[in-house]
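From first to last, the protein sequence lines stand for chains A and B. Heads up, the first sequence is in my numbering, so the first residue is 1 and it goes up one at a time. Heads up, the second sequence is in my numbering, so the first residue is 1 and it goes up one at a time.
Since the hints were made in silico from the structure, they are not lab data. We treat Cβ as the ideally placed atom computed from N, Cα and C, and that holds for glycine.
Simulated restraints, written as ranges between beta carbons of each label pair:
| # | chain 1 | residue 1 | chain 2 | residue 2 | range |
| --- | --- | --- | --- | --- | --- |
| 1 | B | Ser259 | A | Met1 | 48 to 54 angstroms |
| 2 | B | Thr207 | A | Lys250 | 46 to 52 angstroms |
| 3 | A | Pro7 | B | Thr229 | 22 to 28 angstroms |
| 4 | B | Ala45 | A | Pro80 | 14 to 20 angstroms |
| 5 | B | Gly198 | A | His414 | 57 to 63 angstroms |
| 6 | B | Asp191 | A | Glu146 | 45 to 51 angstroms |
| 7 | B | Thr207 | A | Ser157 | 55 to 61 angstroms |
| 8 | A | Arg263 | B | Ala114 | 27 to 33 angstroms |
| 9 | A | Glu146 | B | Ala238 | 32 to 38 angstroms |
| 10 | B | Gly373 | A | Glu347 | 27 to 33 angstroms |
| 11 | B | Ser197 | A | Asn301 | 55 to 61 angstroms |
| 12 | B | Pro188 | A | Arg9 | 41 to 47 angstroms |
| 13 | B | Leu371 | A | Glu347 | 19 to 25 angstroms |
From chain A, some residues computed to sit far from chain B (all C-beta separations above 10 angstroms):
| # | residue |
| --- | --- |
| 14 | Met122 |
| 15 | Gln134 |
| 16 | Ser182 |
| 17 | Pro259 |
| 18 | Ile363 |
| 19 | Lys376 |
| 20 | Arg395 |
| 21 | Thr401 |
The calculated EDC-like cross-link candidates involving lysine to aspartate or glutamate, where the alpha carbons are at most 16 angstroms apart (straight line), are:
| # | chain 1 | residue 1 | chain 2 | residue 2 |
| --- | --- | --- | --- | --- |
| 22 | B | Lys323 | B | Glu268 |
| 23 | B | Lys257 | B | Asp210 |
| 24 | A | Lys171 | A | Glu211 |
| 25 | A | Lys254 | B | Asp180 |
| 26 | A | Lys254 | B | Asp182 |
| 27 | B | Lys270 | B | Asp325 |
| 28 | A | Lys250 | B | Asp180 |
| 29 | A | Lys381 | A | Asp423 |
| 30 | A | Lys250 | B | Asp182 |
| 31 | B | Lys41 | A | Asp248 |
| 32 | A | Lys83 | A | Glu32 |
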Amino acid sequence: MASLLNPHRPPVFCPGCSHDRSVRGLDRALQEMGLKADEVVIVSDIGCSGLFDTFFQTHAFHGLHGRALTYAAGIKLSRPDLKVIVTMGDGGLGIGGAHLLAACRRNLDLTLLVLNNFNFGMTGGQFSCTTPEQSSVASGFLNALERPMDLCTVAASAGAPFVTRASVYQKDLSRLIVEAVSFDGFSVVDLWSICPARYLKRNPISPKDIERAMAKLPVFHGPVATNARNEYGRNYRQKSGRQTVDPDWKGVDKLYEPPVKERRELVLLGSAGERVITAGHLLAGAAVLAGMRVTQKNDYNITVMRGPSVTELIISPGPITYTGVEQPDVVIGLSQEGVNRGRDLFERMTSWGRVFSTMGVEIPATSAQILEVDLKAARIKKKERALAMLSILARTGDPLTGQMLTRALEQTFHGKRLTEALDVLQRAATLPGFQEKP
Amino acid sequence: MGVLFVDGNQAVAMGAIYAGCTFFAAYPITPASTLLEAMLKALPARGGIVLQGEDEIASIGYCLGASMAGMKTMTATSGPGVSLYSENVSFAIAGEIPIVIVNVMRQGPSTGSATRGADGDIQFMRWGCSGGLPLIVLAPTDVRDCFTLTVHAFNLAERFRCPVFLASNKEIGMTYETLDMDTVEKPPLIDRASHTSGSFLPFQVDTGQDVPAFLAIGGPTLVRQTSSTHGPDGYITADPSLIQVGVERLQRKIEAKVSSFTYYDLQEMKDARILLVAYGITARAARAAAEVLFRDRGTPSSLLVLKTLWPVPERVLLTAAEKVDRVLVLEMNLGQYVYEVRRVLAAKRVDFYGKMSGQLITPAEIVREVLRG
Numbered sequence: 001m002a003s004l005l006n007p008h009r010p011p012v013f014c015p016g017c018s019h020d021r022s023v024r025g026l027d028r029a030l031q032e033m034g035l036k037a038d039e040v041v042i043v044s045d046i047g048c049s050g051l052f053d054t055f056f057q058t059h060a061f062h063g064l065h066g067r068a069l070t071y072a073a074g075i076k077l078s079r080p081d082l083k084v085i086v087t088m089g090d091g092g093l094g095i096g097g098a099h100l101l102a103a104c105r106r107n108l109d110l111t112l113l114v115l116n117n118f119n120f121g122m123t124g125g126q127f128s129c130t131t132p133e134q135s136s137v138a139s140g141f142l143n144a145l146e147r148p149m150d151l152c153t154v155a156a157s158a159g160a161p162f163v164t165r166a167s168v169y170q171k172d173l174s175r176l177i178v179e180a181v182s183f184d185g186f187s188v189v190d191l192w193s194i195c196p197a198r199y200l201k202r203n204p205i206s207p208k209d210i211e212r213a214m215a216k217l218p219v220f221h222g223p224v225a226t227n228a229r230n231e232y233g234r235n236y237r238q239k240s241g242r243q244t245v246d247p248d249w250k251g252v253d254k255l256y257e258p259p260v261k262e263r264r265e266l267v268l269l270g271s272a273g274e275r276v277i278t279a280g281h282l283l284a285g286a287a288v289l290a291g292m293r294v295t296q297k298n299d300y301n302i303t304v305m306r307g308p309s310v311t312e313l314i315i316s317p318g319p320i321t322y323t324g325v326e327q328p329d330v331v332i333g334l335s336q337e338g339v340n341r342g343r344d345l346f347e348r349m350t351s352w353g354r355v356f357s358t359m360g361v362e363i364p365a366t367s368a369q370i371l372e373v374d375l376k377a378a379r380i381k382k383k384e385r386a387l388a389m390l391s392i393l394a395r396t397g398d399p400l401t402g403q404m405l406t407r408a409l410e411q412t413f414h415g416k417r418l419t420e421a422l423d424v425l426q427r428a429a430t431l432p433g434f435q436e437k438p
Numbered sequence: 001m002g003v004l005f006v007d008g009n010q011a012v013a014m015g016a017i018y019a020g021c022t023f024f025a026a027y028p029i030t031p032a033s034t035l036l037e038a039m040l041k042a043l044p045a046r047g048g049i050v051l052q053g054e055d056e057i058a059s060i061g062y063c064l065g066a067s068m069a070g071m072k073t074m075t076a077t078s079g080p081g082v083s084l085y086s087e088n089v090s091f092a093i094a095g096e097i098p099i100v101i102v103n104v105m106r107q108g109p110s111t112g113s114a115t116r117g118a119d120g121d122i123q124f125m126r127w128g129c130s131g132g133l134p135l136i137v138l139a140p141t142d143v144r145d146c147f148t149l150t151v152h153a154f155n156l157a158e159r160f161r162c163p164v165f166l167a168s169n170k171e172i173g174m175t176y177e178t179l180d181m182d183t184v185e186k187p188p189l190i191d192r193a194s195h196t197s198g199s200f201l202p203f204q205v206d207t208g209q210d211v212p213a214f215l216a217i218g219g220p221t222l223v224r225q226t227s228s229t230h231g232p233d234g235y236i237t238a239d240p241s242l243i244q245v246g247v248e249r250l251q252r253k254i255e256a257k258v259s260s261f262t263y264y265d266l267q268e269m270k271d272a273r274i275l276l277v278a279y280g281i282t283a284r285a286a287r288a289a290a291e292v293l294f295r296d297r298g299t300p301s302s303l304l305v306l307k308t309l310w311p312v313p314e315r316v317l318l319t320a321a322e323k324v325d326r327v328l329v330l331e332m333n334l335g336q337y338v339y340e341v342r343r344v345l346a347a348k349r350v351d352f353y354g355k356m357s358g359q360l361i362t363p364a365e366i367v368r369e370v371l372r373g
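So here's chain B without its partners, still in its complex pose:
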């Protein structure tokens, strides 16, 4: 297989097809609309379904219905659409409905700038829906990641029965790059665990398990799905102990397993006194800056590129920062993920550099911040 020249959104579509996505619905929005375009070209011809929803609420709603009917589903939007997804995202958490949500971020707040990149939704994706229970957010840095992390996103949605965000950015989603598929990591596929024997309750977990076995709506065993606070039987409940056990399980099933899906690149340099922490498109400027710092200034710096953002991979952060005196967090916003880094590395000096002008953070700016000391 030769070399492709695709944008990040097309690479996400390729990852989705590879992962077995059978249902995609979205409302057009720049800079996510080329993903709708790519899925429309790719999926129906392969027997899947693509819908252009009347709005973002409908688009994610179609996916949730389809997911409960057993389909692997994905939707895609940008910040304004994520706002409209909010209520259905908390439904997907509560109802344990697998779905992959691609957020190709653009400059906000509000309508902002449709054709300018940003990473302004990093806290919003985690905390932007009612109830405050966790979900998973993965952040690609390039087209290779767009493919591989999309496959991971489907696998995680299936494995934990939860919504998984792919935190892309206009600068990744609409930037074209060469992609050699022969060298791209293609993770093995995971399907949601099916209930196999015995009586079935839609939200019952087996002993030692935190994720209920799945049966699709429409099979011989009757299935209930509900957005109401429910017990294992899927009926609304007011029993405080059942409620508490239920929400604690929803939290634990994801947070306790984060080490099994912490994706990151750690580039350690001998004698480095500083650790750069970055994600998304900014990670690439950070990589370039680390090269310049060493080559031109003789300043070694280590670099941690986080590809799992939520739940926060605390152990990786702690280990990566062990040997340095200073941590510099780089973000295309006014400072969001830095709060998590400061929380985890409370004893360290954690600095922040960010920009939110629709322009990329440049390697030169990072070099300057590092040398500022």
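Chain A on its own, in the form it takes in the complex:
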């Protein structure tokens, strides 16, 4: 096959730069594999490694510093048939560390060539995450304080199934790259290189020194047996192909005439774990069955199982503008912390308003009628409180009926969860409610 080097843009690295060997090694590898220009994408990072995409006449993507692996993954998942090769320096490796770990864990079929020359060449020779402590670089004494990172060990421990460490001066460089690119999964090649413009000036090292330094580190040569597994993209397509379309976003048709045709504002004041938001959904679901419009605005703390939980519902025959509750018709007070969170609501209620409160919860001064319910008398557990109160509310027929609530439950829950919910309704039926309206 022909060279994939760009005839219009020959490699222009500093004289003596070992990146030239990497470019030619990669080109030879692509030729040996018989790859055509339109089958290859070079995704390059920032710095000298960021010039690679211009030297090849292939598809090319040159993005932000450290993020090359992310673009490459997006391309590969969209076009699994392409060979996607990422070139990155030790700078990109450091700043994009999270992406390296993710790529190793994920095992998408990409090849990462890290052109590791132990410093930031383009910006003045500062230290990188691979600079040895004893090196003299442009970062003063700072590099002496930080340990260099062994890319290969990190990649292998993060799950990379193919890791190779090599010197760019090795004669078999292109063969090593062929192995990496041919590998069915994420392959990492740590290519030890020399930067003549910056690093070499203060740290006279030779290819032999690189060989000696490499010999002191664990050997990585291709497949990492303990990390062998299926490639991510193929796994993804297999698993996603088995998903069912859910939700199907099919709506609910009107089943009932609304028991009241006026707008109603309702608030449930409770705590996390009382299924306040779920009860709000059920109430909304019942109203939707009667063809009403509904908004449900929720308020809770970021702590999942602690803190107040408040849900505000507006049920209206017409459009709803403002979603906040201003003057509630119904307040259900389940817990003290919930009631405290919504304490301003009570003084705004009129004598038509109704408050349902759990026994022992102190309700602020209000003109509304209050019904204190002893939920424990019906063995109602914490997580059942909100639903039990809904069923007592439904007995008033405003804004929902027991029939609407049961239907909403049947739409929402199935199997054991539905049985349990219906059982809550039965137990709650033994509790006293508001006096029937005359």
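Place chain B on chain A using the hints.
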């Protein structure tokens, strides 16, 4: 089709699926995580791809790669994540990569309050990345808008090859509402224009055009994408004239066309001396306030609800404010978009009322501000 009961984030997911979104990546963050959840339920089963990124930088990066491979992509986050998107947003502007970015805003600054709403990123979305070139920001007020504006956002991203923000808010994204899909506007879909014949340069525009024709990475014609300052060929350039022409085109391609995508509701009332200007969730309180003012106080007020925030729809603002003496801008922040309104309506009295406590601005507060005179 019956009536759905969904939150704004689910309605965005529905809009995205309708618009042909095939790739979604995001990092979980309240109050945007129910959108990740909705996309994960909806997209893979329809043959698309959903990724949970290792962070927000990765999430938008996955989308940019996928978009260049021809996918319609979307990501979603909240303020802290938008901060991390910044560098890739300017890349999407520079590289002309279509992407829809949903920002479900929460109370800031900084980590702020995860479960409290705000509109604190209105200037940030426009100016929060290097270079200062324009992008598009659309702001929904309810679940219907979440669907329709998401479709518009995809269409605009495709048409102009640029990032488009959907400026949602916890109070929209996580508030559930009834949604009757039979009555929801479903705009016709637009795909990015493909290069069809002749030699191809990735950033070359045809005469009279400002948006380069697209070819995906991976086709028979080689495609280059670059974040570096480039000429039409997609190679880095230092030629000042090419650079100037390039950035002016990036500005013009969006700003010159704003009238073709200015979405708004103008509710004019006879004899109104005041114009309320609002967007997002606050627009709904403003609508309620205008009703109360007229019904209970006999005070007519007009209301302009802006759904295209950036570029600033100057003509609509000028026309809407023509007949009034006073403009009142309402925002869930300490005053951001009011700067644009004051710039455009320099000769008018423009007042501001805002709140940034995690609570909605109420109709009563707006009524009070109007009557303050």
